[in-house]
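A.B. asks: Here are the chains, one letter per residue:
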Amino acid sequence: MKEKPFSKYQILANAVMIIWTLAIILPFILLFMSSITDENTLVANGYSFFPKKFSLASYSYIIKSGGQILKAYGVSIGVTVVGTLLNVLLSALMAYPLSVKNLPGRNVMMFFVFFTMLFNGGIVPSYIMWTGTFHIKDTIFAQLLPNFLLSAWNVMMIRTYFTTSIPDGLYEAAEIDGASQFTIFWKIVLPLGKPILVTMGTFAGLAYWNDWTNGLYYIVKNTGLYNVQNLLNQMVQNIQFLTQSSNSNVTAAASTIPATGIQMAIAFVAILPIMLIFPSFQKYYAKGIALGAVKG
Amino acid sequence: MKRKMLAAFLAATMVGGLLVGCGNSGDTSGSSKSSSGTTSTASASGEADASVTKTELGEYTEENPYHLVFAFVEFYEQDDAARTAVQDALNEYMIPKYHIEVEFLPLQYAEYQQTIQLMISGGDELDVMPIYYSNASSWIAMNGIVDMNQYMDTPEGQAIKDVLGEANATVGSMNGILFGFPAQKESVELGGLTMRADICDELGIAEEYGLELNQDEYTGKVYDWSVATEIFKKVKEAHPEMTPLYLQGSASPMRRLAFFDELADQFGVLDWEADHDSTTVVNEFETDTYKEAVTQLAEWFDAGYIYPDALTDTQGSAVMMKAGNTFSYMSAIKPGYLVEAKASTGTDCYAMYFGQDVEGGYSTTNVSFYDTGIATNSADPEMAFKFISALYTDPEVMNLWQNGIQDVNYKVLDDGTAYYVDGEDASNFKYHQNTGWFMGNQFNTYVWNDGSKDANYWDKLQHHNDWAQYSPAYGFMWDSSEYSTQITALQNALNTYRPALETGSVGVAGVEETLQKLNDALYAAGLQTVMDAKQEQLDKWLDENGGATETPQSNLDTIAAAKEAN
Numbered sequence: 001m002k003e004k005p006f007s008k009y010q011i012l013a014n015a016v017m018i019i020w021t022l023a024i025i026l027p028f029i030l031l032f033m034s035s036i037t038d039e040n041t042l043v044a045n046g047y048s049f050f051p052k053k054f055s056l057a058s059y060s061y062i063i064k065s066g067g068q069i070l071k072a073y074g075v076s077i078g079v080t081v082v083g084t085l086l087n088v089l090l091s092a093l094m095a096y097p098l099s100v101k102n103l104p105g106r107n108v109m110m111f112f113v114f115f116t117m118l119f120n121g122g123i124v125p126s127y128i129m130w131t132g133t134f135h136i137k138d139t140i141f142a143q144l145l146p147n148f149l150l151s152a153w154n155v156m157m158i159r160t161y162f163t164t165s166i167p168d169g170l171y172e173a174a175e176i177d178g179a180s181q182f183t184i185f186w187k188i189v190l191p192l193g194k195p196i197l198v199t200m201g202t203f204a205g206l207a208y209w210n211d212w213t214n215g216l217y218y219i220v221k222n223t224g225l226y227n228v229q230n231l232l233n234q235m236v237q238n239i240q241f242l243t244q245s246s247n248s249n250v251t252a253a254a255s256t257i258p259a260t261g262i263q264m265a266i267a268f269v270a271i272l273p274i275m276l277i278f279p280s281f282q283k284y285y286a287k288g289i290a291l292g293a294v295k296g
Numbered sequence: 001m002k003r004k005m006l007a008a009f010l011a012a013t014m015v016g017g018l019l020v021g022c023g024n025s026g027d028t029s030g031s032s033k034s035s036s037g038t039t040s041t042a043s044a045s046g047e048a049d050a051s052v053t054k055t056e057l058g059e060y061t062e063e064n065p066y067h068l069v070f071a072f073v074e075f076y077e078q079d080d081a082a083r084t085a086v087q088d089a090l091n092e093y094m095i096p097k098y099h100i101e102v103e104f105l106p107l108q109y110a111e112y113q114q115t116i117q118l119m120i121s122g123g124d125e126l127d128v129m130p131i132y133y134s135n136a137s138s139w140i141a142m143n144g145i146v147d148m149n150q151y152m153d154t155p156e157g158q159a160i161k162d163v164l165g166e167a168n169a170t171v172g173s174m175n176g177i178l179f180g181f182p183a184q185k186e187s188v189e190l191g192g193l194t195m196r197a198d199i200c201d202e203l204g205i206a207e208e209y210g211l212e213l214n215q216d217e218y219t220g221k222v223y224d225w226s227v228a229t230e231i232f233k234k235v236k237e238a239h240p241e242m243t244p245l246y247l248q249g250s251a252s253p254m255r256r257l258a259f260f261d262e263l264a265d266q267f268g269v270l271d272w273e274a275d276h277d278s279t280t281v282v283n284e285f286e287t288d289t290y291k292e293a294v295t296q297l298a299e300w301f302d303a304g305y306i307y308p309d310a311l312t313d314t315q316g317s318a319v320m321m322k323a324g325n326t327f328s329y330m331s332a333i334k335p336g337y338l339v340e341a342k343a344s345t346g347t348d349c350y351a352m353y354f355g356q357d358v359e360g361g362y363s364t365t366n367v368s369f370y371d372t373g374i375a376t377n378s379a380d381p382e383m384a385f386k387f388i389s390a391l392y393t394d395p396e397v398m399n400l401w402q403n404g405i406q407d408v409n410y411k412v413l414d415d416g417t418a419y420y421v422d423g424e425d426a427s428n429f430k431y432h433q434n435t436g437w438f439m440g441n442q443f444n445t446y447v448w449n450d451g452s453k454d455a456n457y458w459d460k461l462q463h464h465n466d467w468a469q470y471s472p473a474y475g476f477m478w479d480s481s482e483y484s485t486q487i488t489a490l491q492n493a494l495n496t497y498r499p500a501l502e503t504g505s506v507g508v509a510g511v512e513e514t515l516q517k518l519n520d521a522l523y524a525a526g527l528q529t530v531m532d533a534k535q536e537q538l539d540k541w542l543d544e545n546g547g548a549t550e551t552p553q554s555n556l557d558t559i560a561a562a563k564e565a566n
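From first to last, the protein sequence lines are chains A and B. Here the first sequence is numbered in the UniProt record's numbering, starting from 1 and rising by one per residue. Here the second sequence is numbered in the UniProt record's numbering, starting from 1 and rising by one per residue.
Excised from the complex, chain B in its bound form (with noise of 0.2 angstroms):
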């Protein structure tokens, strides 16, 4: 009797458990979800006064000001109190122009995405936030993203419109929520080697191939593999005790080798190497091109190119650069390169443009890679989306956020690039963020001069975005929200094989025994399921644009016109 008391017992705690849980899950849910309803109707017209900003859910002015919670991620590390001091200037242009008080949360690049998915699932504070483009589907999924496509007709919206061009200001759409804006940034990929300058210059690679300091802008002039070959032979002649290409296995150099539309996630992609207006999704795994390119790193690493411990280092290039035993790595190159890389390297290098010209591709992987938008946690969406036009259309907002305050964190030199006050430099600086490329619009703030910069810089960098070849499926982006289970088994079939392929390690005579392995594995974790659901996807996305995206012709004009002067 007493035993079936207490079983009694136990399965009613049980119960009651799960039924609190359901009741507080559905009850978090119809919040937001009324929240978000009552703003779809929201518009700003017909208000002139502009000492209050009304919304359809309040009313705000200079002394009851919009608190918002404005996330965002630090690459590098800042003083406290000079975030404040930020944050205090921040609001004081910020109250009486937007009456947006802003409150900075900053954020770890190791943990945002899982801290911003706990406070949207806690309900905390929270409005505008960095969305990884991985996460857009799930984080939609569990309805924490505000759909902003019911403030584009606003004056606000047109604004972003107006900076990001009509095609990348709705790149962050899926299933026509429009989730995010990806920062204003250069989205090609162009890349190929960074080498150390005093080796090319010792064993004559300088001036065979014409290299020079701090040369790092894209001529269209781009040089096959094999070269890489030529070159990394003669360092390893001159010097058997240097590494002349160091990869790790961590970070897939595949990019720089083989281009394709990774279509989000790689399990089922474009191939764009073999035909460039393909919209048949294929396994990336199978395709010619990946097997050339893993060959390729195979018969480097047979050859002893390729750093030996690569399968498992975990030191990055600069580490290994500073220490002054490795030649070359692989990354991507864009205008001012050059001397990010000497910062982090410690040494002078050349950098040179490999693979193809098609690689420096459009898709929405590479322009949606970090987006901006607004959390459902948020009080008032309309205010955290004139916060967010703001960031795209407002170069005080940025320059604030961005460089801190001007004669205090940052001064304008004469030719107008900035720099840090005097007394300051990269190694103590109080306050520089440094992230434009990841949230916002960059170009409204000012060029850092950090000595091969001047101030049209922002237009070499966009410039560098005219070599830009679209892919096909641009805009498209896969909601891969079902399909996280099987998405999950093709990550870890993936990583068990990939780090071996991608550094060459498993050897010539090991490509074509791993790479079968690699395959069975993905089919087995459900790979076919996933590309026909997302070949339906692209369908089905291609019938509602209208057809495949077309680079625009001036991107091929500025192609053609270097292929004839090359």
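Next comes chain A alone, as it looks inside the complex (with noise of 0.2 angstroms):
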């Protein structure tokens, strides 16, 4: 049977999606190319998609300048990385006990996880467990550890999807076989997981790229710990609070910030990973996000 090449629900359905793809991908274009203009064009005539003198200057500053750049680029990649692993090892050794069904106290556990998904403390009382029981602050453990070790929605996702898409004959087979819980952990449940621990690999890494709250509060004298997150928050904080003030020696110290071609530059620096590893762990993506949520 031969489709008809072109229907009307086909081309509207194309449109829509080509407009919607447009809207996401074009201000990226835009960024990058005011970050490729030339200082003065960029204040004179305003960001354009096509601009009238190009100049490298922006990268090379960063280049140069590299010391602070250059650091907090490696403090985001290594916490990202060693972020990411641990999130996903943690949160896959919280979900397998949970997912099994005769767990004694598994329901209490269950709540205990739930809980935290509805109440958390505040700002305020973190900061003080953060910082008074744990010394955490100005150390490398400040990026890292609050907020996104662990999150309660994650271990809810993969537990769900461990509890429908491994069938309980597996682990009988297994157990049978002479298995301990261990072996079943590694050999059986990891590798069949995998779609959604890499989807969630995917939200914890995005997460710990994209956070500048971490710095802001826990770091405070050790600012070579910065990310790049951190660095670019400032800069534009910065530039906003400067330029507002009427105080003629605080508008003295707004000159002094990098221009914005270099905010453009380092906006784009800061996105270029994601933008690369993304579409390797799309297969996984689509899969794990799909069946976690419809037999969730």
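Just so you know, these hints were derived from the structure itself, not from any lab. Hints should not be assumed to be uniformly reliable.
As a list, the in silico PhoX-like pairs of lysine-lysine whose alpha-carbon atoms are at most 20 angstroms apart [what the hints assert, rightly or not]:
#1 K430/B to K221/A
#2 K52/A to K322/B
#3 K221/B to K430/B
#4 K291/B to K322/B
Predicted, not measured: the structure shown is a model, and the values here were computed from it.
Need the complex rebuilt from these two chains, each delivered in its own frame; the hints are there to steer you.
C.D. replies: See below:
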């Protein structure tokens, strides 16, 4: 049977999707174009897809000034990689026992996980706990531990996937063959749970990469531990505050902050890794979400 | 049954959480109260031995100095290694003399208020800190600031009074609590236009008004804003591609056009231009003074004199001037201003004072904008107070903190000014804070020789203050802590309409209507309640103060003499 080449529905659907896609892609292109526009052209003529004059000055500034920006980049990458691995490992370790139906006290444990999804301590108590009890202030752990290490939502998603997608028969077969719980976890659960683990890993990775709140709250003295987002946030905030002030001393200070082009360049550099890595996880991503959601 | 138990457990957990929360907060406030209580009777009398510094809470010697955390804001990027070296040098000086070991805590301007607030509530190590005047009431309410009145009778307190003067030393008070000292700086806000020199020369504006490069000292000569209209007209005719005046929605130009004693937050003000001696709190946005000012802006906007995207623009005057298609912007002007302007705009500029001389006003807001105070986290506030005193009285401390180490970070020139060492300049310096106007006594530091300043620059700057007319409410600090909900609502209402009004973007036709909308929104947000409370506090303060603050006779003489001369 031959389908009609273009049904009205298809045309409409494609049009909507094309517009949708453009709305997402164009800002990125504009961001990139403004980062390679000559600074004076940028200020005089505004942002443009086809700048009159190109300049790589912003990128050479980033490379030359090196120190802080490259360091921040290193922090971002390190924290994201380590944080994501830890996040996935801990989530899976938490989710697997919860997916075992005859685990004693399963509901109580579920409740504890679930409770943190609804309630949390808020900023000030969290701050007091992390700085007063765990002393993570101004250490690399400040970027790693608070907020993102383990998320109840991830645990619930993974647990649901384990209970619904891995047949009980497999566990029984493994037990009959003499496998311990750890062997089952490493040899059966983790390989079979790959789609959901990769998906949750992507979420965690994105959250770590995009985060600037941890740096803002917990890194005060040792600004060498800032990640790229902290740097960007600090720049943007400083510009906002400094240019708004009517004090002439403050306005004088405002002129020393990096120019628009450099902000654009840093913003572009900051999203680059995510844009490169994301497509390679995409196949798991769609699968993991669909399975997790429909059967959950 | 199971469900019931679960519910009971849930409830228990939540109640438990609440209790823990209360217990904690009660605990911290209790301990900080007791620590400030024990020091309230502290006195440094009868201690002749210079090798030991004794306070109510401890004894400190050269071998066992008090460790003090000094938070400040860095407006310019500093080299980390250089900062550490300066900190070591400062301690080399501080420890033998004051028995204080200082730890620098540099913060960013954008975040310092939030960071300090978190540090106060978290009980982190923190002694001396910058206080933005509008934070004062809430930080006092959360018991975060040490009342410094208890130390004012000590020699250190007396020394601060000598430097700042009795009135300025106590301006950072609220309900009898002395929370901070203002930085020693020029507090008068006279201002006007900063204009591109090349265009002024070309159009004969410089000739007509006798403008010269680096002529920025106020001499009593002040122009009416209608003169600016003529200048804008000339510029627009000769250079239609140029924007005669750059404004920005997020930065209010109102202080240049009309002066109110804002009484900290603009919600309820004293209308100076209508009646200089009035102590009646009025709604700024209903006054004729305000309406005239925004109408003037709207006329300029309609005539095309104001940057068309002013409402939403975020680039700031420096960037726009650099781009080359902006003629002028509004700002406060002071001696030495034009050199700073050239550094930020990249072009030679002229300055002209506009408005009325009454605008050079001394109000609590102007003077105590940035204060220096002590956090209740301080292990020994008395030692912290000694350090603050040193910031105001000891040139060595101020110079080390501000300029770094002599001959490493700066050199002293023959005429007594200072500049970067050879091989360093404004673009590649390692350490140069340049923030004496923010904390401490900048008059104790070397004058920075950026091309226009000489050794008696601080005198000039101090003389700038002689133009001040004092607000009748000078010294009064409004305590808004009980009205924070209303203030937030009012701020939101104001932010909705102000940018459009104060960039002229509404056009002359829209002024009346937008003002009406703004006032409706303000009253709906509780403006009357706030104004009544403010008036009540002001009346009470006037009673205690023995009447309104008067402008010192010497200042009046300066102003009168200039009027005659012009």
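A.B. asks: Determine for every hint whether it applies to the structure shown.
C.D. replies: How the hints compare with the structure:
| no. | hint | verdict |
| --- | --- | --- |
| 1 | K430/B to K221/A | 18 angstroms, holds |
| 2 | K52/A to K322/B | 18 angstroms, holds |
| 3 | K221/B to K430/B | 40 angstroms, violated |
| 4 | K291/B to K322/B | 32 angstroms, violated |
Hints 3 and 4 from the list above are not met by this structure, while the remaining hints are.
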